[in-house]
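Chemist: One line per chain: the protein sequences are L and X, in this order. So in our numbering, spot 173 of the first sequence is number 201, and the numbers just go up one at a time. So in our numbering, spot 80 of the second sequence is number 87, and the numbers just go up one at a time.
Read the hints as simulated data drawn from the structure, not as lab findings.
Derived pair list, reagent style SDA-like, types lysine to any residue, alpha-carbon separation capped at 25 Å:
id, chain 1, residue 1, chain 2, residue 2
1, L, K211, X, R140
2, L, K168, X, S134
3, X, K138, L, G173
4, L, K211, L, G199
5, L, K127, L, Q203
6, X, K18, X, L169
7, L, K63, L, E152
8, L, K100, X, N149
9, L, K89, X, Q154
10, X, K14, L, D165
Among the chain L residues that face chain X by a calculated CB cut under 10 Å, a handful are:
id, residue
11, K89
12, K111
13, E130
14, F135
15, T136
16, L146
17, C182
The model shown is predicted, which means the values in this text are computed figures rather than measured ones. Idealized CB from N, CA, C, for every residue including glycine.
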Amino acid sequence: MNGEDVMDTILKTIDLTKKYDGRTVVDNLNIEIKKGEIFGLLGPNGAGKSTTMNMICNIVKPDYGTVEFMGKDFRKNKKELSKRLGYIPQNLAIHGSLKAWENVELFTSLYGIKGEELKDRIDESLEYVGLSERRNDYAKNFSGGMKRRLNIACAIGHHPDLLIFDEPTVGIDPQSRNFILDKIKESNKNGTTVIYTSHYMEEVEAICSRIAIMDNGRVIASGTSEELKKLVVDDVESITLEEVFLTITGKKLRDY
Amino acid sequence: MIRYLIKNNFKIMMRSGVNILLYIVCPVLVSAVLISAFSSLMENYKPDEDFMAEFGAIETNFADSINEDQAKDNDQTNGMTNSFNIAAINIEHPYFVPAIDSTDYYGIIEVVYFGWCAIVCISGLLSSEKKNRINDKLYVSNLSVTQIYLARLIPLSITCALGVSIAAVIGMVFMGVHWGNLLLSAIVVILMIFAASAFEMMLYEITNSMLVTIIVSFAIVWIWGFFGGSFETYMFSPHSMTLKNIDPVYHGNRALVELSCMGHSDYVLSSVIYSVIMIVVCSLIAIFAGNVRRRKGA
Numbered sequence: 029m030n031g032e033d034v035m036d037t038i039l040k041t042i043d044l045t046k047k048y049d050g051r052t053v054v055d056n057l058n059i060e061i062k063k064g065e066i067f068g069l070l071g072p073n074g075a076g077k078s079t080t081m082n083m084i085c086n087i088v089k090p091d092y093g094t095v096e097f098m099g100k101d102f103r104k105n106k107k108e109l110s111k112r113l114g115y116i117p118q119n120l121a122i123h124g125s126l127k128a129w130e131n132v133e134l135f136t137s138l139y140g141i142k143g144e145e146l147k148d149r150i151d152e153s154l155e156y157v158g159l160s161e162r163r164n165d166y167a168k169n170f171s172g173g174m175k176r177r178l179n180i181a182c183a184i185g186h187h188p189d190l191l192i193f194d195e196p197t198v199g200i201d202p203q204s205r206n207f208i209l210d211k212i213k214e215s216n217k218n219g220t221t222v223i224y225t226s227h228y229m230e231e232v233e234a235i236c237s238r239i240a241i242m243d244n245g246r247v248i249a250s251g252t253s254e255e256l257k258k259l260v261v262d263d264v265e266s267i268t269l270e271e272v273f274l275t276i277t278g279k280k281l282r283d284y
Numbered sequence: 008m009i010r011y012l013i014k015n016n017f018k019i020m021m022r023s024g025v026n027i028l029l030y031i032v033c034p035v036l037v038s039a040v041l042i043s044a045f046s047s048l049m050e051n052y053k054p055d056e057d058f059m060a061e062f063g064a065i066e067t068n069f070a071d072s073i074n075e076d077q078a079k080d081n082d083q084t085n086g087m088t089n090s091f092n093i094a095a096i097n098i099e100h101p102y103f104v105p106a107i108d109s110t111d112y113y114g115i116i117e118v119v120y121f122g123w124c125a126i127v128c129i130s131g132l133l134s135s136e137k138k139n140r141i142n143d144k145l146y147v148s149n150l151s152v153t154q155i156y157l158a159r160l161i162p163l164s165i166t167c168a169l170g171v172s173i174a175a176v177i178g179m180v181f182m183g184v185h186w187g188n189l190l191l192s193a194i195v196v197i198l199m200i201f202a203a204s205a206f207e208m209m210l211y212e213i214t215n216s217m218l219v220t221i222i223v224s225f226a227i228v229w230i231w232g233f234f235g236g237s238f239e240t241y242m243f244s245p246h247s248m249t250l251k252n253i254d255p256v257y258h259g260n261r262a263l264v265e266l267s268c269m270g271h272s273d274y275v276l277s278s279v280i281y282s283v284i285m286i287v288v289c290s291l292i293a294i295f296a297g298n299v300r301r302r303k304g305a
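Bound conformation, chain L alone (with noise of 0.2 Å):
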């Protein structure tokens, strides 16, 4: 791996390997992450992709391998490197007791932001997901649409490099999740890169540079939409992402 590499990877798992009471969830897993790229992350239930996020975000410990993030040992570095890292959970990470403003404070203060500079990121966060009128409100008074927002607000009030979305568009309307998917993009055009996780394909195809496709536990297939077409049928227009991703994982379900 010559300089050049290792400046264009933000981010690398090695031989990352999870298991749950012996069964493993997460198969010697490399995959590498481009700066600038959307990247994303595909797989039925139970494939692992959660649990790899859970990794790459040192929420959860791997039983074996590394994840490299800006070139470093990223447990080695966690100090350092957490702050380039922004993650956008499944749940809304969100409280509903608190009102919008709060929740932004609360979750942009751990990174170590205080004082006006704090309020600043506030008014940002919240302007960028379309809640500034809205900031004194409860979050439990919220739609699920607002909520999703609220939680990518709560996200970004520290500018991360890197941003992590898992399934961030589950259970709202399709405004809100045009809204959310044009801020992804917006981000990236920043110069954020981002990772992106999501059972919907048309999302994925729509806007991710590069997508793996991961089951049980290993990246089964890689590469941009076409390239990933191209591996079922020649003709790359008569085939949907979905498709593609029923014939490499098959149409048997996944009961985890």
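Dock chain X against chain L, hints included.
Modeler: Just chain X, lined up with the frame of chain L:
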């Protein structure tokens, strides 16, 4: 780094209606009921007039040590003499150890007892954190288990202390409860609340279940209260001193009751030491349990 986390956790707890019920309504109601129920039983005995005290004494002497007159008046058996004397003295300005009445006793004890139920105060926050997996986001930001623990313990203790203080003021103003030495009482109460918070947070970190924590902590606190004088006064209770001495509630209760009626108490020191030990030991165990869970990725 955790200043804002403490502040917002505090806001969440303060906005819970359960806390108003637990720390203000419940103690005031319970103490009012107990005060009226036990008022006649615990009526003060405070004789403030001089009185005569009479007492008798039997003197036993060997025969060779008595004189002839005494020997005539007293019974002699086997060379021994028993004499019976009656004396009376006038007790002026009698001093009694002040007794506490039911208003002061239950007005203090019940307010403090509810302070031991601290976990309810934070149950909403912890449930929200667990349900929404907020801990994951705290871990992503590289917050340590110790920081997360402190960001819960500090606002929890402050919220409880505030609730107890409001209930205490209501008791003082509307029921005439006397706390005696306010400064020492405040120290004892605040440390007890920190100890209760640390103890119950430890139970939560170990069980990782709010329901189990509430059941177990309420059961333990009830037992402590039972032996410690929270229901039956510790002065009249027949329980052994050994049980009372290992009971943190007893030390706190006794210190506060004696501070109220005498202005000083030997139990202040033991209560403070008990509370500090509980805070340190329970916090260490809680942080250890939290670290174990985090390592497991639970």
